[in-house]
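Student: Residues per chain, in single letters:
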Amino acid sequence: MGIVIAALLKVAIILAAPPLLLGVIARVKARIAGRVGPPLLQPYFDIAKLLRKDSVISPTTSWLFVAGPAIALVAALIAAALVPVGDGGALWAFDGDFIALAYVLGLARFFTVAAALDTGSSFEGMGAAREATFACLAEPAFVLGLLAVAHATGSVSLSAFLGPSLASVWTGAGASSVLVAGGLLVVLLAENSRIPVDDPTTHLELTMVHEVMVLDHGGPLLGVVLYGAAIKLFVFATLLVKLAVPIHGGALAWLAYLGGLAVAAIAIGVIESVTARLRMSHVPAFLLAATLLCGLAVVLQAR
Amino acid sequence: MIWCLAALGVLFASAIAALILRTHLYATLGALLAALLALPAAFAVLAGAHFADVVVPWGQPLGEIRLGLDPLSAFFAIPLLALGATCAAYGAAYLRSRCVPAALFNVLAGAMLLVLLARDGIVFLVAWELMTLASYGLVTFDHAQPEVRRAGWVYLVASHLGVACILSAFLLLGDSTLSFADFARHGTPVAATLAVIGFGVKAGVVPLHVWLPEAHAAAPSHVSALMSAVLIKLGIYGLLRTISFVPAFPWGPVLLALGSAGALVGIALAFYQRDIKRALAYSTVENAGIVLIGLGLGMWGAAHGRPAIAALGLAGGLLHVWNHAVVKCLLFLAAGGLVHGAGTRDLEQMGGLGARMPRLARMLVLGGVAIAALPPLGAFASEWLIYVGLLHGNTQPLLFVVAALATAGAMAALCFVRVIGIALLGHPRSRAAADAHEPGRGLVGPAVVLAALAIAMPFAAPLAVRAIAPVAAQLGADLDVAAVDEALAPALILSGAVWLGGILAFLAIRRVVRRRRAAETWGCGYTAPSPRMQYTAASFAEGLHRLLPRALRAKVEAAPPAELFPSPARLAVDRRDPFTRAAYEPLLDRLARRFSQLRWVQQGLLHIYILYVVIAVVLGLVIVTLRDGWAS
Chain D
99 MGIVIAALLK VAIILAAPPL LLGVIARVKA RIAGRVGPPL LQPYFDIAKL LRKDSVISPT
159 TSWLFVAGPA IALVAALIAA ALVPVGDGGA LWAFDGDFIA LAYVLGLARF FTVAAALDTG
219 SSFEGMGAAR EATFACLAEP AFVLGLLAVA HATGSVSLSA FLGPSLASVW TGAGASSVLV
279 AGGLLVVLLA ENSRIPVDDP TTHLELTMVH EVMVLDHGGP LLGVVLYGAA IKLFVFATLL
339 VKLAVPIHGG ALAWLAYLGG LAVAAIAIGV IESVTARLRM SHVPAFLLAA TLLCGLAVVL
399 QAR
Chain X
5 MIWCLAALGV LFASAIAALI LRTHLYATLG ALLAALLALP AAFAVLAGAH FADVVVPWGQ
65 PLGEIRLGLD PLSAFFAIPL LALGATCAAY GAAYLRSRCV PAALFNVLAG AMLLVLLARD
125 GIVFLVAWEL MTLASYGLVT FDHAQPEVRR AGWVYLVASH LGVACILSAF LLLGDSTLSF
185 ADFARHGTPV AATLAVIGFG VKAGVVPLHV WLPEAHAAAP SHVSALMSAV LIKLGIYGLL
245 RTISFVPAFP WGPVLLALGS AGALVGIALA FYQRDIKRAL AYSTVENAGI VLIGLGLGMW
305 GAAHGRPAIA ALGLAGGLLH VWNHAVVKCL LFLAAGGLVH GAGTRDLEQM GGLGARMPRL
365 ARMLVLGGVA IAALPPLGAF ASEWLIYVGL LHGNTQPLLF VVAALATAGA MAALCFVRVI
425 GIALLGHPRS RAAADAHEPG RGLVGPAVVL AALAIAMPFA APLAVRAIAP VAAQLGADLD
485 VAAVDEALAP ALILSGAVWL GGILAFLAIR RVVRRRRAAE TWGCGYTAPS PRMQYTAASF
545 AEGLHRLLPR ALRAKVEAAP PAELFPSPAR LAVDRRDPFT RAAYEPLLDR LARRFSQLRW
605 VQQGLLHIYI LYVVIAVVLG LVIVTLRDGW AS
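Taken in order, these protein sequences are the chains called D and X.
Residue numbers are given in this note's numbering: position 244 of the first sequence equals residue 342, and the series is strictly consecutive.
Residue numbers are given in this note's numbering: position 171 of the second sequence equals residue 175, and the series is strictly consecutive.
Just so you know, these hints were derived from the structure itself, not from any lab.
It is possible that some hints are incorrect.
Claimed, not checked - Heads up, incomplete: computed chain D residues facing chain X, CB under 8 Å, no partners named:
{"no.": "1", "residue": "S156"}
{"no.": "2", "residue": "L171"}
{"no.": "3", "residue": "F192"}
{"no.": "4", "residue": "A200"}
{"no.": "5", "residue": "A212"}
{"no.": "6", "residue": "G218"}
{"no.": "7", "residue": "T231"}
{"no.": "8", "residue": "L242"}
{"no.": "9", "residue": "P382"}
{"no.": "10", "residue": "V396"}
As the list claims (entries may be wrong) - A few chain X positions that, by computed beta-carbon distances, are all more than 10 Å from chain D:
{"no.": "11", "residue": "R26"}
{"no.": "12", "residue": "Q149"}
{"no.": "13", "residue": "S180"}
{"no.": "14", "residue": "G191"}
{"no.": "15", "residue": "P257"}
{"no.": "16", "residue": "A261"}
{"no.": "17", "residue": "A532"}
{"no.": "18", "residue": "Y616"}
Here the structure is a predicted model, which is why all the values come from computation and not from measurement.
C-beta atoms are modelled at their ideal positions from N, C-alpha and C, and glycine is treated no differently.
Work out the full structure, taking the sequences as your base and the hints as a guide.
Tutor: Structure follows, in structure tokens:
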């Protein structure tokens, strides 16, 4: 019975919590900028409003234009089922699940990029090219980072190596854990189009990555895109929190997890407030640095 | 076994019939009939049946002629026969009434079957050579174009350098006979290395892959499909045979290194190609690398006493052979339809074809998702097994192979979303693309069949694993089917979840957006957009292309306008294979110059040549006498 309740709780969190992260980030940024900021629940209002609107769709597009947001949302939900939310593992855990996570997110990217190219717009093509390019650089960092942790714990499932055995890694191989946490933070910022890689609030199409890809998605489609993006941010934030806060068992673990998510959102807000966006040509170096950090974390474990 | 011989006979006889009667019909029917005859036998062998070898009582110089069908042969014969028939049906529609290519196609299929059946070096080499010559004839089908003749020439030279290595390896392995049964006793590392080089040329192992993009781009699409799907795999078949001859060789590390290099370099060269078929050909190099990673992992696991890992590696690698064969065949056939419709292989001249040929476009999207090994299609299940095996290996070199494979996966996604996005989506980039139309049923039908296979493959993977078990046993690894099934289960559930969720979400969202208005794509305030403003194939790949190591990049020569007022500008991009450009061409040029200094040996006078013969004979006698004297 307890298991069922825990699982339902996790499903509820996966479905309900992600937009709140966006709200927290926006609020933190506004406060640092000296403004009051939108309500914490503003992303929910936005999504609800968008879902009620009519759609404006370009005659150039095909079925892929609708498939892009749909598959991105489904992939994000599947990814969320693979990460260990709260305490006691993920909804669905198996050997190699973090590779499956990377591939499911790859599928989402494939269709989002295809939907962007479907409009025939040069700006959306530009965003699509950048998204696909940066993904090629973020992928090795992400995989190597999680591999380093997997290697240290000797297990190959997210729920296992971000579970109880993680504490011993922090005491035994703390250095490489710090490196991995740094690398994963960079991957989080890049994959979720945050500053310094991408600016989600910019108003110049030329400087965007993710936002420019969905320029032509409006109304319900944009709502789905926003919700999917929120879930993706939630997935990466969960990975980072579970890695950084190795507390397991009981209410304390839940508290630490939820607190960790809040801290992660605040941290992203602070990073976005105090750093400038990188020049587009400098982003690869930033991502390669993350790959090097995570690669070093793997090498450090040679004993 | 008798059915295989019948299929062989049908293939060759129908080729001759097609030539004599000057109609392609007999050749096409022959290919279909051969598949019907031999496929049941091949499946029976994988299901556990044993057929006695056929020995032809015909003494050839180095032993008797022996033909056999063991699990390893049967495993490779199945894609050959099935895809051969599919491609032949497509070819009948593609080249209409041409009888010579249809006949050559059957000769190629027959030669490949003979390669698989051969149990001694002589028959193997003869069939191998016949296969090369038949495919050369098909590659140079459009021989009026100079670049096609060049591609054929590169293919011929590379193949023969490969054959030279295979022949040397066989001579080292064989003693008094060239029967495969005797090879195992003489396995040496030198012979294994030669075989790796020789078969590596056919398998597209980097850096021996240079013929592959040229030949695949030049050949008619159904020939490219068969070459990519089956002919390349025969190189892998040769490697596997060699493994059974020379078990004492560090196969694991060698294959893992070659595979990782092939996967990364192959896809790094694929994603910036302008020619759609060259992009597909380089992706074949990538996938051959992935197969080698799987096989290398299998050998590594077997050598280190880790049977579970060996099972995952071998199952993944071999399954990938089938998956890639189906998916790449699908992609080449669909690309052939595009090329047929748009009249060009140049991605920059396509665009908007999805709206003009919707059925073919769906097949290409499906193939693109499948070849990038994304769930829920084809190659995902096989790559998944390799991943799980590598993860369980859990040593640092293997972990870096995981990272290489993941990076190659992300780049493959970029490569194929680019092909789809630039060729099928957006506005047409040329008049020909705007006027394109869906090709006839003969060109779409085979692609539909293959697409259905690609959808079914992941769910049929458990069955395929059972078929692979005897092949693995032949390679000296006891395949634990239950362990592979356990590793495979999440991938299958994931594929099902993606299909179910994707279709439901798509239908639901399409319902929601039913209330819609049509308005032109947002041009960011610009009021006179033109199709030429779209992102091009080159600009899509530009970001990642600039990050490649210089040695893998295309050679760009740019002379931008420099002065105050606009002056003529020039941009030339050389997308030839960087290995050809930077290594082989200069090397061969230098060799040719050195050898030209030996021209004086050829005097063109008969008595001089007789003198050479006399000198050679005397020298030979002296050497033999000295050696015998030394021995006694």
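Student: Checked against the structure, which of the hints given earlier come out wrong?
Tutor: none
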